[in-house]
Amino acid sequence: MTVLEPPATRLARLGWALADSLTIAGRTYSRLRAQPGELAGFLVFPIIMTVLFGYVFGSAITLPGGGDYRSYLMPGIFMQVAALTAVAAATAVSEDMALGLIDRFRAQPIARSAVLVGRSVADLSIHLLSVAMMALCGVVIAGWRPHGSPLETLAGFGLLALFAYAMIWIGTYIGLFVKNGAQADAATFGWLFPLTFLANAFVPLEGLPSWLRPIADWNPMSAVVSAARRLFGNPGSAAASWPLQHPVTSTLCWSVLILAVFVPLAVRRYRTATSR
Amino acid sequence: MIYAEGLRRRYGAVDALKGVDLDVPQGTVCGLLGPNGAGKTTVVRILTTLLRPDGGTARVAGCDVVADADRLRYRIGLAGQHAAVDELLTGRRNLVMFGRLYHLPRRTARRRAGELLERFGLAEAADRPVKTYSGGMRRRLDLAASLIVAPPVLFLDEPTTGLDPRSRLALWDLLRELVSEGTTVLLTTQYLDEADHLADQIVVVDSGRVAASGSPSALKGKVGGGRVSIAFREAGDLSAGIEVVRGVLPGEPEIDRGERRLAVPVEDGAASLIKVATALDEVFLRLTEVTAA
Chain V
1 MTVLEPPATR
11 LARLGWALAD
21 SLTIAGRTYS
31 RLRAQPGELA
41 GFLVFPIIMT
51 VLFGYVFGSA
61 ITLPGGGDYR
71 SYLMPGIFMQ
81 VAALTAVAAA
91 TAVSEDMALG
101 LIDRFRAQPI
111 ARSAVLVGRS
121 VADLSIHLLS
131 VAMMALCGVV
141 IAGWRPHGSP
151 LETLAGFGLL
161 ALFAYAMIWI
171 GTYIGLFVKN
181 GAQADAATFG
191 WLFPLTFLAN
201 AFVPLEGLPS
211 WLRPIADWNP
221 MSAVVSAARR
231 LFGNPGSAAA
241 SWPLQHPVTS
251 TLCWSVLILA
261 VFVPLAVRRY
271 RTATSR
Chain C
1 MIYAEGLRRR
11 YGAVDALKGV
21 DLDVPQGTVC
31 GLLGPNGAGK
41 TTVVRILTTL
51 LRPDGGTARV
61 AGCDVVADAD
71 RLRYRIGLAG
81 QHAAVDELLT
91 GRRNLVMFGR
101 LYHLPRRTAR
111 RRAGELLERF
121 GLAEAADRPV
131 KTYSGGMRRR
141 LDLAASLIVA
151 PPVLFLDEPT
161 TGLDPRSRLA
171 LWDLLRELVS
181 EGTTVLLTTQ
191 YLDEADHLAD
201 QIVVVDSGRV
211 AASGSPSALK
221 GKVGGGRVSI
231 AFREAGDLSA
241 GIEVVRGVLP
251 GEPEIDRGER
261 RLAVPVEDGA
271 ASLIKVATAL
281 DEVFLRLTEV
291 TAA
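Protein chains in written order, with full-length UniProt numbering: chain V, 1 to 276; chain C, 1 to 293.
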């Protein structure tokens, strides 16, 4: 067999990185095909959340400004599912580390960013599938409707996807540090899940005690929910803080900031990561 | 084919490698022998570009491990202690994926996967998920994955640890075949008999240093009829050390309490050295130095 050489030009290197990312993304899809239960979980979890919160909480909560609770709730669930993409990303990366697969990838002539980029893009595409399922479910079961223009609706989903992609990179970075899937779960779900509740996702912030209110007001999760509500034209509540008065801008800022910090950090960590 | 000079590496406060030299000619097998924590894996990680050395230089297949890492990666294969393959995917899908990551065209990657599965006796299991494989099958798949581009240099980190004797012998046969085709192999092992069977050259590593090196027979001759001497940091360790040495070696140790040192006359220096180092390792003694002289 002829000995292969790494690409010499910048353009060839880019093509190389792209091809590697696609191969790695393809691996994620093959894994999902091998465990259909996992995929079903991704799709069923949002349905359960919609029904659970929509009808259990929905029967007890009335919005201060009026409006249908289930329409209020949907953007909250969209945000929660987007935020929790970090958990799956961290678990998957930590398992690859523990198995020594990351070592094998690193000993192969693969573009340095490709393993993590390929993974993250595949994770995002699976997340989008789950969002589509959730939206369908919201429309059919909860009577949710986006009331904005088609462009605004698209922008709403786009913003949620950007936020989800940022969260995937937080999870990826954490996954490179922990020893196994269980630790990865604890190191992400442990703080993320409470944080999604310390926001305006499920309840209006007006009822919160005064010491808790500022935290919820400035929680990026709240900005994401408010931005989605605004773009979908769903009922929301009064905004007391700057981020909630400018939710689209602050969500954009948060997502870009997270990506600007965690993508380079994760890629650097991957380059020096030692399995086991 | 593999050349290293003065390799050093620290992990925090620990000096894992304190200057290791290696020279492995093409088509030969070098066995890195030593107890757990001796620095064997660190040497392999540096030579396979997974870890940067803090000092020293190394070249593999003509490529510098730091400056020329990507070219080097096309010329090596690495199989480790753990079978680094995707458990959920089939054996074939794993090999095709690794082939694609060497930037082989899809058809070439598929053809190569088929050839390797056939050669390593995995053709029948090729389309089953790896999680259904036995330990020996996984290790063979791992080895196949490291041979996709038919690399001229192969690194094996404890390739037979945890395998049953039959799978171990089968793996040895595969390795001999590869070497006869011209592949240069560096393998680490804790088993003297493995190094003895496979290696043209044995390098004994202990506490981050090369303690002895040479062909299996020369090494035995050189240190045959010699002494193993051990220096301890604490007086208490010496007493415990004497017990350990009495347990693993037939000779009666000569003891120098003032220098906290003991020496045992032995017939087979290399083997005894490994035995003692492993036994001491097991009782967690902080030994400062073990040498065969």
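Think of the hints as simulated: they come from the structure by calculation, not from any bench.
Keep in mind that the hints are not guaranteed to be accurate.
Said to hold, decoys possible - Calculated cross-link-like contacts (lysine-lysine; reagent style DSSO-like; alpha-carbon spacing at most 30 angstroms): (1) Lys18/C <-> Lys179/V; (2) Lys131/C <-> Lys179/V; (3) Lys275/C <-> Lys18/C.
Exercise. Please flag the earlier hints that this structure goes against, numbers listed from lowest up.
Key: none
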